[in-house]
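Chemist: Sequence order for the protein chains is A and B. Residue numbering for the first sequence follows the numbering used here, starting at 1 and increasing by one per position. Residue numbering for the second sequence follows the numbering used here, starting at 1 and increasing by one per position.
FYI, nobody ran anything at the bench for these hints, they're computed from the structure. Hints may be right or wrong, so weigh each one.
One copy or two, it doesn't matter: identical chains are merged, so the pair holds either way.
As the list claims (entries may be wrong) - Pairs of lysine-lysine, DSSO-like flavour, derived with a Cα cap of 30 Å:
| # | residue 1 | residue 2 |
| --- | --- | --- |
| 1 | 73 | 23 |
| 2 | 46 | 12 |
| 3 | 73 | 19 |
| 4 | 23 | 12 |
| 5 | 46 | 23 |
Being a predicted model, the structure only gives us computed values, none of them experimental.
Protein chains: 2
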Amino acid sequence: MYVIMVYDVNVKRVNKVLKIGRKYLNWTLRSVLEGLLTEELYENLKEEIMRVINTEEDAVYFYLIDTYNAPHKTIIGATPGEFNFIE
Amino acid sequence: MYVIMVYDVNVKRVNKVLKIGRKYLNWTLRSVLEGLLTEELYENLKEEIMRVINTEEDAVYFYLIDTYNAPHKTIIGATPGEFNFIE
């Protein structure tokens, strides 16, 4: 399935969350990672994230799209060069 | 179709982008809005956004999911109370 992960976490934990996310997904915008994952890898990702966030302060959303193709995406503006596009 | 809009724009333009986005979508996380839109409304949204962003500095992503149902979403951590959930 295709997973879009968006986070809004305390700046103290951004690096940790990002580091875990990037083990599984492509980082495509400041607070967005995305990519194809198996159910099992998605569960691992979620577990790892849960271990580092503060559930009182931080929020992480996972959108799960049941497809083997990425959803259609339109980008307006700058394509952020700092991110590791693997697409 | 279901639209997920994610933005990373200069702080000077955040309010403008958010104000436009909220005319069309629900604001669900700091830099995320989402909801069902017709093709026509989506085009209007995109046009309005293009008028206010600086395409050298800002980036806005639209994920378009061809469905009448929201994709499955898992939220970890705090549900941000400040956002206008209409779900």
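Chemist: Are the hints correct? Go through all of them and say.
Modeler: Right, here's what the structure says about each hint:
no.: 1; hint: 73 to 23; in the structure: both (22 Å within a copy, 21 Å between copies)
no.: 2; hint: 46 to 12; in the structure: within (19 Å within a copy, 33 Å between copies)
no.: 3; hint: 73 to 19; in the structure: both (24 Å within a copy, 22 Å between copies)
no.: 4; hint: 23 to 12; in the structure: within (19 Å within a copy, 33 Å between copies)
no.: 5; hint: 46 to 23; in the structure: within (12 Å within a copy, 32 Å between copies)
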